[in-house]
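Each chain, written out:
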Amino acid sequence: MTMQTPLSPETDTARPGPATAATRVHRRAGSLRRTEWVYYLFLVPALVLFTAFVVAPAAVGIFYSFTDYLGFGRWQFLGLANYRALVSDPAVLGSYGFTLGFAVVTVIVTQVIALALALALAKRIRFAAGLRSVFVIPMVVSGIIVAYVFNYLFSNTLPALATSVGFAPLEQSILGDPNTAWLAIVIVSAWQTIPGALLIYTAGLTSIPADVYEASALDGAGPWKQLRSIILPLLSGFVVINTVLGVKGYLGAYDVIVGLTNGGPGSATSSVAMTIFSGFTGGDYAYQMANATVFFIITVVISVLQLAVTRGRNLRLA
Amino acid sequence: MTALDTRSPATAAARTDPTGRRRRRLDRTNWPLTIVLALASLTVLVPLYVTVSMAFKTSRQSADGNALSLPLPFNPASFADAWALTRFPVSFSVSLGVAALTVVATLLLSSFASYAIVRNWHRRFFRWSFVYLLAAMFLPFPVVALPQIKLTAMVGLDNPLGVGILHAMFQLSFSVLLYSAFLRSIPIELEESARIDGASTWQIFWRIILPLLAPMNATVGIFAFLASWNDFMMPSLITADPGLQTLPVVQNIFQSKFGTNYNVAFASYLMAMAPTVVVYLFAQRWVISGVTQGAVKS
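Chains as they are written, first to last, in the numbering used here: chain A, 1 to 318; chain B, 1 to 298.
Quick caveat, the hints were computed from the structure, so don't treat them as lab data. Even for Gly, the Cβ is constructed at its ideal location relative to N, Cα and C. You may find that some hints are simply not true.
[What the hints assert, rightly or not] Simulated restraints, written as ranges between beta carbons of each label pair:
id, chain 1, residue 1, chain 2, residue 2, range
1, B, Pro215, A, Val109, 30 to 36 Å
2, B, Ala63, A, Gly176, 48 to 54 Å
3, A, Tyr83, B, Ala240, 41 to 47 Å
4, A, Gly101, B, Arg285, 17 to 23 Å
5, A, Pro265, B, Trp31, 31 to 37 Å
6, A, Phe72, B, Leu70, 40 to 46 Å
7, B, Arg285, A, Gly79, 32 to 38 Å
8, B, Ala63, A, Ala116, 34 to 40 Å
9, B, Arg285, A, Asn262, 35 to 41 Å
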């Protein structure tokens, strides 16, 4: 490969005068003809590493989902047998039910609280900056450690407090009951993800011009009417961004669940990610890869649907 | 948008409006709302207080379940136990190494790639590469986890080095998206005048583009650091040697063996949490504007 001179003939002729519109067009035309090799040098490392560490393993894994591969040794084709077995596997179906339900509930809880906090912080309150700093702290803390801390609170402190005031429903740890354990996971996941959503909503609120509020106040709109007819429509782009980011995160939930319940009691709070990982230790590699493939398709479908909503509304952020 | 403006739009308007009733009305602090928010902030402060107070208790006091009580007698010895049990210097260094590798790899790979893509957008190869790299946004780690565990074991990367590489791979899409949005707003004339002065593309990138990218570097770097430093899932699955685990992963020893020594466990949690919280408190402007830019740009 020969080293190219950075000065192309076009720029050479353009040198005497300042860069006019004409010379710029000239250069653009010149750059259309060939791309400097150095640009490939810039792009190729990312492409190669990404292909080697993400795309190739994904392709190999999906290939094995059609076989009886155990993770080692010989294998043969099974066709769609793994996929057929998934549909009637209560453990797998249970994990999808739990994960989807948990994602929906958590995303709603998180968005409502984050928006309420953002609206409140934008009002005339004292210590707004300090309060916001506090509300953002959970974002920088490790999910597994937060879950361990809350695990202690849920299984020791809350029952101790409930017993001392004689409140029967909370005298047992909520983590030990299959009907309430998921609530703890929702609480901790929301606790951790509210800050990100809050900051995005705050950015959205600052982008609404002040005269919009003033005009609506003059027209006699109360706070509730203002929220529903003005603030929410203007924030819809930010709502979509938050929901897309949130749902994707909650669907892949793992750390918080490991720290709180480890999937229990029984398998009541076992997420899809946890079921898939069991394929590594449980010897059913191919079967769990079929599960992972289905999970991938579901994630893509949900993301595309959400993006279609964004595009359909012709939203412009920023 | 460089930093978040905490003033409400109405306040900003009031400030430019020197006269009138509205100004006086708006200057009145909404105390009921302030109190509600202060109470709400307890949901964040109480768990943090519990972590600190539990860490300074004696084992006996920590076992009584009352997390809210003050640590009396005051017992800082738990930290020495936690330090030894988690082999803190080792796990801290591993965490720091993995996070540093993630940040450096993410910054370099994605700024390089984005620059090439944006400047050659008229080429199909570069456009398709952009779509290809972005597709990973829809690819959660659990989907590729099993083959990646096998791959890293096969090529001898079932260690912190492999974890750092994988962390960087999963930051790539988002970072390329942020960088390319930012690069499109940089006028090409800047580069062209340097090119006329004889600078090569390589020199232009390092001398002109990279300095201009500084705010994006901060955003991308903060995201990459937090994601890597706080992650449990990937290191716990990829790293084969338990002696080379990151700080979040080594905390699991307190879930089994030392079940009742809650004070030691919390001392350890505190040591693992403190670095990011302290850095955040000092650099919160960057963290907050980083998240905001990320959201607004994407």
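**Report entry** Unmet hints by their number, sorted upward, for this structure
**Finding:** Per hint list: 2, 3, 4, 5, 6, 7 violated.
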